[in-house]
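Protein chains: 2
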Amino acid sequence: MYLCIGETFALNDEQGISYLEITSFSNEKLKNISNLKEKKHRESAGLFFLEGYREILRAHKSGKVRFQNLLFSPECFLGENETALIREIGAKAIKVPKKLFEKISYRDRPDGLIATAHFFPIDLDTFQKKFQTHRNKKPVLVIEGVEKPGNLGTILRTAEGAGFHTVLVADPRLDLFNPNVIRASTGALFSLDVFLGETENIYSILQKNEYRTLAVTPEAKKLYFDADLKGKIALVFGSEQYGLSPYARSHSDEYFSLPMYGEADSLNLAMSAGIVMYEVIRQGLQK
Amino acid sequence: MYLCIGETFALNDEQGISYLEITSFSNEKLKNISNLKEKKHRESAGLFFLEGYREILRAHKSGKVRFQNLLFSPECFLGENETALIREIGAKAIKVPKKLFEKISYRDRPDGLIATAHFFPIDLDTFQKKFQTHRNKKPVLVIEGVEKPGNLGTILRTAEGAGFHTVLVADPRLDLFNPNVIRASTGALFSLDVFLGETENIYSILQKNEYRTLAVTPEAKKLYFDADLKGKIALVFGSEQYGLSPYARSHSDEYFSLPMYGEADSLNLAMSAGIVMYEVIRQGLQK
Chain A
6 MYLCIGETFA
16 LNDEQGISYL
26 EITSFSNEKL
36 KNISNLKEKK
46 HRESAGLFFL
56 EGYREILRAH
66 KSGKVRFQNL
76 LFSPECFLGE
86 NETALIREIG
96 AKAIKVPKKL
106 FEKISYRDRP
116 DGLIATAHFF
126 PIDLDTFQKK
136 FQTHRNKKPV
146 LVIEGVEKPG
156 NLGTILRTAE
166 GAGFHTVLVA
176 DPRLDLFNPN
186 VIRASTGALF
196 SLDVFLGETE
206 NIYSILQKNE
216 YRTLAVTPEA
226 KKLYFDADLK
236 GKIALVFGSE
246 QYGLSPYARS
256 HSDEYFSLPM
266 YGEADSLNLA
276 MSAGIVMYEV
286 IRQGLQK
Chain B
6 MYLCIGETFA
16 LNDEQGISYL
26 EITSFSNEKL
36 KNISNLKEKK
46 HRESAGLFFL
56 EGYREILRAH
66 KSGKVRFQNL
76 LFSPECFLGE
86 NETALIREIG
96 AKAIKVPKKL
106 FEKISYRDRP
116 DGLIATAHFF
126 PIDLDTFQKK
136 FQTHRNKKPV
146 LVIEGVEKPG
156 NLGTILRTAE
166 GAGFHTVLVA
176 DPRLDLFNPN
186 VIRASTGALF
196 SLDVFLGETE
206 NIYSILQKNE
216 YRTLAVTPEA
226 KKLYFDADLK
236 GKIALVFGSE
246 QYGLSPYARS
256 HSDEYFSLPM
266 YGEADSLNLA
276 MSAGIVMYEV
286 IRQGLQK
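Residue numbers (our numbering), protein chains in the order written: chain A, 6 to 292; chain B, 6 to 292.
Any given hint could be a false lead.
Pairs count within a copy or across copies, as identical chains cannot be separated in the list.
As the list claims (entries may be wrong) - Restricting the straight-line Cα-Cα distance to at most 25 Å, the calculated cross-link-like pairs of lysine to any residue (SDA-like) are:
| no. | residue 1 | residue 2 |
| --- | --- | --- |
| 1 | Lys44 | Lys108 |
| 2 | Lys143 | Ala269 |
| 3 | Lys235 | Gln288 |
| 4 | Lys104 | Arg217 |
| 5 | Lys142 | Pro264 |
| 6 | Lys213 | Asp113 |
| 7 | Lys235 | Glu268 |
| 8 | Lys213 | Phe124 |
| 9 | Lys134 | Asn214 |
| 10 | Lys103 | Asn214 |
No wet-lab data here; the hints were simulated from the structure.
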């Protein structure tokens, strides 16, 4: 057992977790964890910040996330399984009082668990290897230039619900490890295969694997439900503000749109993606 | 021309707008406007707060919104038509400097227009009259117990895009005039017929008008695309956290669910509603 400024090390035998107890926000370790909410700190540390029992559980179950620290505050726990999860993950555990936890949390109602974890590979080389090994035949989603973390997170959550396994994010205007992507995805960022690259490279891999690229754009006359969405397809969506990239606009195999009524000039990006992904399900399942 | 503390009254002949100029946040008029972001102040004043060129334009075009004040800050304008809109609306105009405007705004990037307007009728009596006069045959959306303003706003925006005219909000856990409902709806709150009531009363009116109530719940075995969504139907969705109310759970004509894969246990409420509304379009339009 050792002691240093603002820290207490203790082994809690009862719960089987050994943890460091920190009670001051000026502690360097806490500052480093809290800083990971910002992109520049994530990039220099190669670590990201994830919060919430559900998200951490799913990151752990995915097998692809290597944890560094696990911050916990039992006063905030909402369930019964938090301690078991901390034990199972085996990362360096740090106990903090509720007030301190709330200061580090980015949620309105924190549930007492925050983790830091190492970046995992999201490059296209990794994607290509995985894709070829798996001889993927599942539909794939391509999201270009996405700007809003909440939108990307919702897209990932919906993609998982719709049975998609792979989401390729092309030239995004956000950081994939943004805590709001993780939150809105409810952890689907970990359970899905999510990769990052340039549209041109993504198209090249998809074409090599005999995928049809089907791009959604309001100018297309064909409606999405009149398109054949079976087989090896990649659905391609452009950014909230600018739509499809020039490359996708001229290199996709087919184009279609969603019907739009009233004074609405567009749907939310995540909504459009969800509607078309569920049409893929319908075409595959309907009797 | 008159002058009082912190206010200057001027007639800008060039633009044809007469306005009051206020430069101090401690001015009572500004405080009253800013307060309308909070429910208690909206309720005691019978007024709501709406921000943004697009939202104010759509509120004006709807014909159902009676404006009180129009706060503007030309330094924040993003377009060319703001002055014309202020002139056309003819509400009491108040000019404020950018810094003051940003203080009152609830947006990250304010576009220089904020209005206050009188509540418009959203009760079921008004709905019933309108419904019977119109001999409505269009599909209707019923949203029960909704908690998140952003969800309701997104639902309204999507409902408009999907060609729905009427959204009935049953026993919500939010205020319909919450600025975040208006923002996420991009103004669809004004262009659609949106009414508020209790599920039981809503069902009673729908049944009198020979509408079928089709409720979405994860326990139902039937999938939404296997249901007949043509004709006079009301799609019913429960709250984010609790799902359908006990009344809707036992008094609807049919029940169905959305298929769900992976570890996802649910979709976002707005997403589910959007997916099913677009299936209504597909069944009506597909060749």
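What label fits lysine 134 with asparagine 214 when the C-alpha limit is 25 Å: within, between, both, or neither? For lysine 134 and asparagine 214, the Cα distance is within 25 Å only inside one copy (12 Å; across copies 59 Å).
With identical chains treated as interchangeable, where does the CA-CA distance between lysine 235 and glutamate 268 reach 25 Å or less: within a copy, between copies, both, or neither? Close across copies (23 Å), not inside one copy (32 Å); limit 25 Å.
My question is about lysine 103 and asparagine 214: at a cut-off of 25 Å on alpha-carbon distance, are they close within one copy, between copies, both, or neither? neither (51 Å within a copy, 54 Å between copies)
Taking 25 Å as the upper bound on the Cα-Cα distance, should lysine 213 and aspartate 113 be classified as within, between, both, or neither? Intra 46 Å, inter 43 Å, cutoff 25 Å: neither.
With identical chains treated as interchangeable, where does the CA-CA distance between lysine 142 and proline 264 reach 25 Å or less: within a copy, between copies, both, or neither? Between copies only: 20 Å across, 28 Å inside.
Intra- versus inter-copy proximity for alanine 269 and lysine 143 (alpha-carbon distance at most 25 Å): between (32 Å within a copy, 17 Å between copies)
Within a copy, between copies, both or neither: where do lysine 235 and glutamine 288 come within 25 Å Cα-Cα? both (7 Å within a copy, 19 Å between copies)
If the cut is 25 Å between Cα atoms, do lysine 213 and phenylalanine 124 qualify within a copy, between copies, both or neither? Neither. Shortest intra-copy (28 Å) and inter-copy (58 Å) distances fail the 25 Å Cα cut-off.
Within a copy, between copies, both or neither: where do lysine 44 and lysine 108 come within 25 Å Cα-Cα? within (18 Å within a copy, 27 Å between copies)
State whether the alpha carbon distance between lysine 104 and arginine 217 is at most 25 Å within one copy, between copies, both, or neither. Neither: 52 Å inside a chain and 51 Å across chains, both beyond 25 Å.
Taken one by one, the earlier hints fail for this structure at numbers 4, 6, 8 and 10, listed in ascending order.
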